[in-house]
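With the hints as constraints, model all of the structure from the sequences given.
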Amino acid sequence: MDFRSEILARISVMEGDSILPGLVSRVGDHVIQLDCKERGSAEAVLLRFSPEGVTEAADAGEPSLRVSGPAWAWSALLARQMPYIAAINGYHGGLTVSGNAVVGAWLTPALSRVFA
Amino acid sequence: MSREELPAALWPLGDIAGNYVEVAGVRSYFESCGSGPAVLLLHTAGRDNRQWQWVMDLLRDEFTLYAPDLPGHGKSWPRHGEPCLNDVSEMADWLLEFMSAVGQETFLVAGTSLGGNLALLLPASSARVRGTLALQGADLTPTISETALDLMSHPQVSLPHSNMDFSLSLVGERAHHGARSFIEWGVSSLSPLAQQSDLRAYTRCDIRELMRNVTCPVIMAHGDRDWLVSRRMVDDTATRLINARSLEMVSLRGIGHFPHVESPLEVAALVRKLGTSVE
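In order, the protein sequence lines correspond to chains A and B.
Read left to right, the first sequence gives residues 1 to 116 (the working numbering).
Read left to right, the second sequence gives residues 1 to 279 (the working numbering).
Hints were generated in silico from the structure; no laboratory data involved.
There may be inaccurate statements among the hints.
Unchecked claim - Just so you have them, the derived chain B footprint on chain A, three or more residues with Cβ under 8 Å: (1) 68-75; (2) 79-87.
What the hints assert, rightly or not - Restraint-style ranges between C-beta atoms, simulated for each label pair: (3) A:Gly-90 <-> B:Asp-87: 12 to 20 Å; (4) B:Ser-246 <-> A:Ser-98: 42 to 50 Å; (5) A:Tyr-91 <-> B:Ile-242: 21 to 29 Å; (6) B:Arg-231 <-> A:Gly-90: 16 to 24 Å; (7) B:Ser-188 <-> A:Ser-98: 22 to 30 Å.
Unchecked claim - Sample of chain A residues at the chain B side, in silico, Cβ under 8 Å: (8) Gly-90; (9) Tyr-91; (10) His-92; (11) Gly-94; (12) Ala-101; (13) Thr-108.
For clarity, every value in this text was computed on a predicted model and none was experimentally measured.
Built from N, CA and C at the ideal position, the CB exists for glycine as well.
This is the structure in structure tokens:
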């Protein structure tokens with residue numbers, strides 16, 4: 001797939017704070033860096049894509065995405081026991097995606113590669 | 001699909017005839033081949049009957065196989081007004097009318113995912129079904145959020161892009177290379193409205209109360225690499241098939257959400273077993 005965009009996504013982790021620090025991944029062709037930090041650092045989580053904007057054009061403000069859920073769901077996700085796409089599934093997962101719907105749709109493929 | 005991507009057993013394909021028949025006022029496309037007892041083959045959400053070509057070729061000497069495209073899918077024309085069906089009961093009615101239109105009073109059914117749910121609903125709705133094979137089928141599948149459904153036809157969302165990882169994450173490691181390529185191509189060529197309608201029907205599917213009406217032989221097969229349709233969902237469904245003449249549970253190891261595409265040989269063997277069970 002040829003996916004060129006640059007997105008800054010803000011993720012608010014509602015629970016499971018202790019799980020996230022230190023997670024830095026090089027993922028696929030699209031996501032350069034995922035740097036998750038503790039709760040309270042609202043600007044800490046960045047997903048950076050390269051190099052040309054796509055969703056920015058559709059969402060001229062600040063593209064934002066929030067993924068929230070209970071600690072057990074984050075644990076399963078980060079332990080690779082449950083893929084992202086399952087973790088946000090309405091039946092199987094405990095995580096909820098909210099924010100800009102278009103950004104969410106575009107970030108889903110990337111996040112599903114981060115947490116495959 | 002090129003020859004080098006396929007196991008030798010799946011090449012070459014024999015003759016498969018494509019035809020049209022009118023069903024509920026829709027010019028509806030189906031493919032058929034073979035001779036023997038009739039089998040209705042049901043594709044997954046948003047896809048078309050090509051998914052079954054490998055299985056059809058393997059079974060042509062034993063069965064008469066029919067693989068329709070639902071309205072608005074593949075080469076079937078869309079309905080007037082609302083292009084695709086978006087309710088499993090309406091789909092079941094349409095499929096029964098389709099089998100009448102091709103002149104088959106009684107038949108076996110095999111279907112996967114949405115088609116697997118329909119493979120359970122059809123014998124619950126009609127005594128014309130002599131036996132059924134539900135692949136990744138369940139009677140309760142509330143798996144897709146309304147938001148996700150709405151996004152599928154959003155003007156700024158590319159469904160093939162956003163759906164690719166979802167679909168490929170459902171493929172098992174034992175799927176042959178050609179299957180993986182075909183599933184990927186299936187996502188690339190998705191019709192948003194067809195996918196949206198099918199998954200709306202799928203996620204709203206709750207046919208638990210009807211399972212007691214199933215009296216024919218049932219085989220439920222589950223690819224164990226499918227996280228969307230879990231084994232628990234399949235097992236829960238099985239507990240409600242209390243009046244089935246026989247019920248066999250099969251685990252397909254290393255296979256995911258698309259067994260008929262990923263492992264046609266195993267699925268063909270299951271259809272044969274189903275045929276034997278109704279004799």
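Comparing the hints with the structure gives:
1. 68-75: violated (count 0)
2. 79-87: holds (count 4)
3. A:Gly-90 <-> B:Asp-87: 12 to 20 Å: At roughly 19 Å between Cβ atoms, B:Asp-87 and A:Gly-90 fall inside 12 to 20 Å, so the hint holds.
4. B:Ser-246 <-> A:Ser-98: 42 to 50 Å: At 47 Å between Cβs, range holds.
5. A:Tyr-91 <-> B:Ile-242: 21 to 29 Å: 24 Å, holds
6. B:Arg-231 <-> A:Gly-90: 16 to 24 Å: 19 Å, holds
7. B:Ser-188 <-> A:Ser-98: 22 to 30 Å: 29 Å, holds
8. Gly-90: Status holds, d = 5 Å.
9. Tyr-91: 4 Å, holds
10. His-92: With a closest approach of 7 Å, the A:His-92 hint holds.
11. Gly-94: Given a least distance of 13 Å, the restraint on A:Gly-94 is violated.
12. Ala-101: Constraint on A:Ala-101 satisfied, holds at 6 Å.
13. Thr-108: Interface hint status for A:Thr-108: holds (5 Å vs cutoff 8 Å).
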